[in-house]
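Asks: Taken in order, these protein sequences are the chains called A and B. Under my numbering, think of the first position of the first sequence as 1, with each following residue one higher. Under my numbering, think of the first position of the second sequence as 1, with each following residue one higher.
Check the hints yourself; a few may be wrong.
[Unchecked claim] Capping the alpha-carbon separation at 27 Å, the derived lysine-lysine pairs in DSSO-like fashion look like this: (1) B:Lys-51 / A:Lys-85; (2) A:Lys-179 / B:Lys-51; (3) B:Lys-29 / A:Lys-430; (4) A:Lys-174 / B:Lys-51; (5) A:Lys-85 / A:Lys-219; (6) A:Lys-430 / A:Lys-219.
Hints are computed from structural coordinates only; laboratory data are not their basis.
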Amino acid sequence: MSAVDYDVIVVGAGFGGPVAAKRCAEAGLSTLILERASTPGQKVISSCTIPFYGFLFGPQWIRDGDPPIERPITGIRNFFVRDGKVYATDNSFRVPGPLANRLAIGYTVYCRPFCTWLAERAVEAGAELRTSVAAVDVIMESGAVKGVVTDGGEELRCRLLIDAEGVQNILARKAGIRKTYRPEAVELCLLYDFKMAKEDIDRICGYQIEYYWAMPEEKIIAPLGEGSAVYIFPYRESIHMTIGRFLKGEEGVPVLAKELDAYYRRFFQVDRWREMYAPRTELRARIWDTCPIYAGLYQDMRSMPTFGDGVLLIGDAAGLEAAAIADGVPSAWFSAEMAAETAIEALRAGDTGASFLSRYQRRLEEHPLIPALISDTHRRDLAWARWSGDEAEMRRRVNQGWGIRLMGHLALPVLRAVYREMRRDPRVLKNWLDMFNRYHRLYA
Amino acid sequence: MEETLRFEDIPGVEWVPSPRPFITIDASKCTGCGNCLRVCLAGVFRLREKKAEVASLERCMECASCLFVCESGAVDFGWPVGGTGYRSEWG
Ligand SMILES: Cc1cc2nc3c(=O)[nH]c(=O)nc-3n(C[C@H](O)[C@H](O)[C@H](O)COP(=O)(O)OP(=O)(O)OC[C@H]3O[C@@H](n4cnc5c(N)ncnc54)[C@H](O)[C@@H]3O)c2cc1C
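So that you can see chain A by itself, here it is in the shape it has in the complex (with noise of 0.2 Å):
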């Protein structure tokens, strides 16, 4: 057997990878973490708003940490556009009044400053960090993993390695783990970052983030179903706006690049962008990504393991994101502290063999929170609505997905999970309260 450089290495420094190597170095193990742009984070798009789910049962770190926040959310805005104007609002999903100034649904960041401070986080706990270095294979000896080798020819042989490489899976195909996520899985997102200024975000969006929906003839956004509505999330001195469309649809593969920016020149001509927004704000940075929001939807998809002999998957890599909510980065986050638990008791038994490494991927199916966001259907169902032609079904389905009946579907996760932090320290409760009170601080 040849000698190794690390106990583990850590592809990717993007949302997940440097949460599994803190927890690997903080239990002595010499841990690589391996990011191929030049700062991490720079490499990682993203709407961003975190929920506040990811916060209270992800790290403990964050939580009781000083994260670069943006801005806290309270709630979300569904508007209605038809023949260009909004017609009607939902915005029953929201923390109610007295408490806003206290709780969040969540928190908007920018991807860079944060991925960077989990990165820092990381190294001060004792991994190491190497930064412009793109892993572009991996070794195999046997069928097993035994580690990477980078752009710059150098092999860098670990016990296990961790694959936090986000969408594109390269090196778990590599690996012959898993195969590339099906078009209609993936939904391309372009997203425009606009300056405004504090003042008027405060009174225009406030702490909320906005949702605008619209039948097909709208033409604002892709065809119910098949993308997002179009997204404006506030932060401190800024918004971010996305639309985005799943590469591949009813009818085949759309021509992107014309139907995203026809989006959005319709959605420029809604009148409460042209009054509210358009006079306010100064376009910044048009950037895109692509995200596997519908991976947990698809039985062959879902069932591509997340581990493989040498080496566990972690976050996008894994196909965690949420169906419906959109969000990737929590269970990033809870994949991230699992994978590390998991190889650090696989490095104590020294057994990093496939089936020791199994119980990984059961830890992610006994989760509280995981399959119910990765399984949930109501961005799909909503293609209901398109074929029915009926707009107050539209609304209705948006009202369960995105309005106040969405509690009737996460609030049981949720409170599995609040049960299984509580049932471990009944102090978490204090701590979760503390953690809104700093956030808000944090913010003003």
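The hints should help you fit chain B with the ligand onto chain A, whose structure is shown.
Replies: For chain B with the ligand alone, kept in the frame of chain A given last:
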């Protein structure tokens, strides 16, 4: 100073050109279906004699849409050399 590229229609992003190409097309597998051209927002591909080919990687944001829609497995998608390719402060 490293050489960086910017484009007026894609503000907020800069590119350090990769010294090696990172997306290639296996002409023997390509069926000329054009899916890669349809989904690419960066104009990376063109069709020539009923086969797709890489025209320019200059604006590629490494999203891999081309990989996901290629049914014949002709698109080989890899990463630009570490530290190169696109980067943005606003993701
Ligand atoms: C447009 C868009 C909007 C989104 N909105 C939200 C949202 O509002 N809320 C939310 O919670 N989630 C959202 N998501 C999803 C979220 O961004 C992802 O789920 C999350 O980033 C996944 O984390 P990860 O660690 O698995 O992968 P990533 O964060 O993508 O990190 C992967 C990292 O690995 C690096 N890397 C990859 N391959 C290699 C290699 N071979 N060698 C070295 N480095 C490598 C990459 O450069 C990157 O830094 C959104 C995604 C998109 C695209």
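Asks: So, against the hints stated earlier in the document, which numbers end up violated here?
Replies: 1, 3 and 6
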